[in-house]
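Listed here are the chains, written in short residue letters.
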Amino acid sequence: MIDAELEPTVTPLSAEVPALEVRGLVKHYPGVKALDGVDLVVRQNEVLGLAGENGAGKSTLLKALVGLVRPDAGEIWVRGKKVRLKSVVDAADHGIGMVFQEQSLVPNLTAAENIVLGSEGPGVRRGMYRWKTMRNLAQQQLDKIGSDIDPLARTDTLTFAERQMVEIAKVLRIEQRTQFAPVIILDEPTSVLESKEIETLFTQVRRLREFASVVFVSHRLDEVLDVCDRVTVLRGGESVGEVAAAGAVPGDLHRMMIGSTGSDDHYHGNASQRSGEPLRPMLEVRGLSGKTFRDVDLDVHAGEIVGIVGVHGSGREDVCRALFGAEPTTAGEVSLDGTVLELSGTRAACAAGIGYVPAERKIEGMVGPMSVADNMTLTKQKSRCNGPLIAPKKQATLVDGWIERLSIRTPHRGTAIQRLSGGNQQKVVLARWLVAGDIRLLLLDHPTRGLDIGARSEVYRLMRELANSGVATVLLADSLEEAIGMSDRILVMSDGRATKEVACPAGGKPTPLDLVKEMV
Amino acid sequence: MTSPVEDVEVVAARRPQPRRGVSLRDAGPPIALVVIFLVFSALSSDFRTIGNVQNIMDTAAVLAVVTCGITFVLMMGSIDLSAPGIMGASAIAVALLVANNRNDNDLGLIGILVAVLLAAALGCLSGLALVLLKVPSFMTTLGVSAVGLGVATLMFAGVQPNISDAMLKGWAVERFLGFAYLTWIAVGCVLLGYLVQRYSRLGRYAFAIGGAEEVLALSGVKVAPYKVAVFTLAGAFYGLAGVMVTSQLSAGLVQAGKGYDFAAITAAVVGGTLLTGGRGGILHSAVGVLLITALTNGLVQVGVSPYWQGGVQGLIVVAAVAAAVVPQRRRNQVTK
Chain A
1 MIDAELEPTV
11 TPLSAEVPAL
21 EVRGLVKHYP
31 GVKALDGVDL
41 VVRQNEVLGL
51 AGENGAGKST
61 LLKALVGLVR
71 PDAGEIWVRG
81 KKVRLKSVVD
91 AADHGIGMVF
101 QEQSLVPNLT
111 AAENIVLGSE
121 GPGVRRGMYR
131 WKTMRNLAQQ
141 QLDKIGSDID
151 PLARTDTLTF
161 AERQMVEIAK
171 VLRIEQRTQF
181 APVIILDEPT
191 SVLESKEIET
201 LFTQVRRLRE
211 FASVVFVSHR
221 LDEVLDVCDR
231 VTVLRGGESV
241 GEVAAAGAVP
251 GDLHRMMIGS
261 TGSDDHYHGN
271 ASQRSGEPLR
281 PMLEVRGLSG
291 KTFRDVDLDV
301 HAGEIVGIVG
311 VHGSGREDVC
321 RALFGAEPTT
331 AGEVSLDGTV
341 LELSGTRAAC
351 AAGIGYVPAE
361 RKIEGMVGPM
371 SVADNMTLTK
381 QKSRCNGPLI
391 APKKQATLVD
401 GWIERLSIRT
411 PHRGTAIQRL
421 SGGNQQKVVL
431 ARWLVAGDIR
441 LLLLDHPTRG
451 LDIGARSEVY
461 RLMRELANSG
471 VATVLLADSL
481 EEAIGMSDRI
491 LVMSDGRATK
501 EVACPAGGKP
511 TPLDLVKEMV
Chain B
1001 MTSPVEDVEV
1011 VAARRPQPRR
1021 GVSLRDAGPP
1031 IALVVIFLVF
1041 SALSSDFRTI
1051 GNVQNIMDTA
1061 AVLAVVTCGI
1071 TFVLMMGSID
1081 LSAPGIMGAS
1091 AIAVALLVAN
1101 NRNDNDLGLI
1111 GILVAVLLAA
1121 ALGCLSGLAL
1131 VLLKVPSFMT
1141 TLGVSAVGLG
1151 VATLMFAGVQ
1161 PNISDAMLKG
1171 WAVERFLGFA
1181 YLTWIAVGCV
1191 LLGYLVQRYS
1201 RLGRYAFAIG
1211 GAEEVLALSG
1221 VKVAPYKVAV
1231 FTLAGAFYGL
1241 AGVMVTSQLS
1251 AGLVQAGKGY
1261 DFAAITAAVV
1271 GGTLLTGGRG
1281 GILHSAVGVL
1291 LITALTNGLV
1301 QVGVSPYWQG
1311 GVQGLIVVAA
1321 VAAAVVPQRR
1331 RNQVTK
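Protein chains in written order, with the numbering used here: chain A, 1 to 520; chain B, 1001 to 1336.
For the record, the hints were derived by calculation from the structure and aren't laboratory data.
Check each hint, because a few of them may be wrong.
[To be verified] Calculated cross-link-like contacts (lysine-lysine; reagent style DSSO-like; alpha-carbon spacing at most 30 Å):
#: 1; chain 1: A; residue 1: Lys196; chain 2: A; residue 2: Lys393
#: 2; chain 1: A; residue 1: Lys362; chain 2: B; residue 2: Lys1134
#: 3; chain 1: A; residue 1: Lys82; chain 2: B; residue 2: Lys1222
[Unchecked claim] From the derived model, a few chain A residues whose C-beta atoms are all more than 12 Å from chain B:
#: 4; residue: Ala92
#: 5; residue: Met98
#: 6; residue: Ser119
#: 7; residue: Ser147
#: 8; residue: Phe180
#: 9; residue: Glu238
#: 10; residue: Val340
#: 11; residue: Leu406
#: 12; residue: Pro411
#: 13; residue: Leu462
#: 14; residue: Val516
[Unchecked claim] To be clear about the criterion: a stretch of chain A counts as covered by chain B if any three or more of its residues have a C-beta under 8 Å from a C-beta of chain B, and this derived list gives those stretches:
#: 15; stretch: 76-89
#: 16; stretch: 104-112
#: 17; stretch: 123-136
A virtual CB, placed ideally from N, CA and C, is assigned to each residue, including glycine.
The following block holds chain A by itself, in its conformation from the complex (with noise of 0.2 Å):
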């Protein structure tokens, strides 16, 4: 598959030439200039950063870098040469390789085949596997990233950071196809992952450095700052602007991102102090024992912002769930605004006042395929009904009063949610617990995944609004930054028991140190 053009040199390539170049990209979608003549240069054996809000064409650049769009105009150049990348195989023999942001791997399949996947080479003689082949193949990639998984495991056995060493040693076959050092592109690989599995994702990406260049794609910007040697800054489908990391701050990518001075004011302040506690705590939770955690005690009064934080398998998810009922409990007792809650099930959670925003928005969140105004209405069904049938001219009214409060961008109230950008799904997916005006506890499963500064700026502003008005929220942040900066207590939890609280009033904040001291 091979083009002919890439026929093998002999000679080493001089230093200067760029292991992949970018020049003058445009991709038209209809009514949308995605890409509107990017330029970009991946030296060799640098790690470069790729920052820009949503919308701004990342993601578009990078499945044109994969040969998944093809651009309208201009010209990627890989080591000195032109070339037309036609699909993810084109792309892999001219040596690029990307470990997407949603983890492509077959649940199925063990991770040596993932591995191996398309490119099994001897693995497979005749139609038929050679399964110590394939392990060994398999192995050999796993050890260049310094990775002890078991490549026989099945890939749903293992745990989402392991996923995605396995992506990396799958890309890293690519290596197999050129002889020259690959070009491996990182997009938000951090999103999903604790700090510590970050920390280890990070010294992979430091030695891929040795033998590779890597494209590294992140909505956190000190992480980008962190990680890479240099970094692009894409606006509006343009590239507008390049750093060099040493000794730049978030603040200076942030400013060229968006075009302006970033809002300071990030978290909108906590919320403005409250004239004495209420005796009674809205959410009060004794002794609560699940599968997955033991013990847990916590308080949440009304107005107040409380963050749960803990590295993965703290079991700080499972509390949150089951607070709705959505995970069995063994023991334990919770009460609601003084009355004791059955936890029988997520119906019983809705109709005592509860709200849930599930982390995985796609598929639990929301339903793609119908509209704005269904799913707004879904979980408060009598809130668009006079008595058992819909009344379509209350619900378009409710629903375009929300619309219109919470300013989601939608063409209208029945497009399809799924057509929406991330940032106005979850404004629509929270609407849906206040069209009711019932709501008294809400669960914030890691409300912001996936969302740019922008749309993550309002859905701040829209927690903040809902705690002013009284609503009791327990939030499992994105970061430890975001928890610090939202929550007014922070309760921390490490093998599934509540190990510590931390007051984090405006202007008195831990700093995410003190708080990684209390999680491991």
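Following the hints, position chain B against chain A.
This is chain B only, laid out in the frame that chain A set:
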């Protein structure tokens, strides 16, 4: 299907699960099989004879071969309803190709091979319609089943072909180590199927297609040829099953495969092969076939009225599947 470019959503289990080892889902059906054997053995002295075990195995033979074929299709997450038509076509074809009362043909083994190839071609047709016309397998295979029945009816032409080929007739009556030749053919098919599933790229890719088809495309694998190949392979299995029915009846019947589509799907699912694909396999399905056959046999042996048998069998099958998925059941599980 969404295009691979737009949505690459492969989100596997969120929580780490126990590694390797035999899961309860895999262990459930064999345990159920043993339980059924023990229960009926306790209830009926006729059930626990060697002769009856042979009888169960011999009865299971044709269903086992059909189920071998359908399992590969189910593993991909597709469905196949073409067994009745393909079996009918191959049953009539083989009856007309070996020594029979309708014409002077006496092709023997070659006749059998031709009938199986005809069946494979019909299976291939299902696969091509699926990948080229993008028609869901439910509809394409239903259509191919009708085509197969049509071909069979044309060849049947109103006069039933009775076979006189000694070898083919012998398959159903002659025994080796107590089991009919047909049973040994079925055992061979299960072994062959297992080898394909475990050691061939075709088998592993069929498994992978059921797991996450988009990922294969992103890894540069063209899935269409594998899909067509799987349907072709399944067709060949149905064809052989049609030949086996002809051997049992000593005659070619258009209805040779009637009811085998759903029987095979039931057996596969009872054995632990999921309709959503990516789970289970040939050995699972073989256990499912024995389970269903032993159940039918046992109900007869303990004297359940034939009027009751269908309903009782249905209830037990649902109960068996429910028991098999118990470890996977959790709150808020979505079932379609």
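Those earlier numbered hints the structure runs against, lowest number first: 1, 4, 5 and 6
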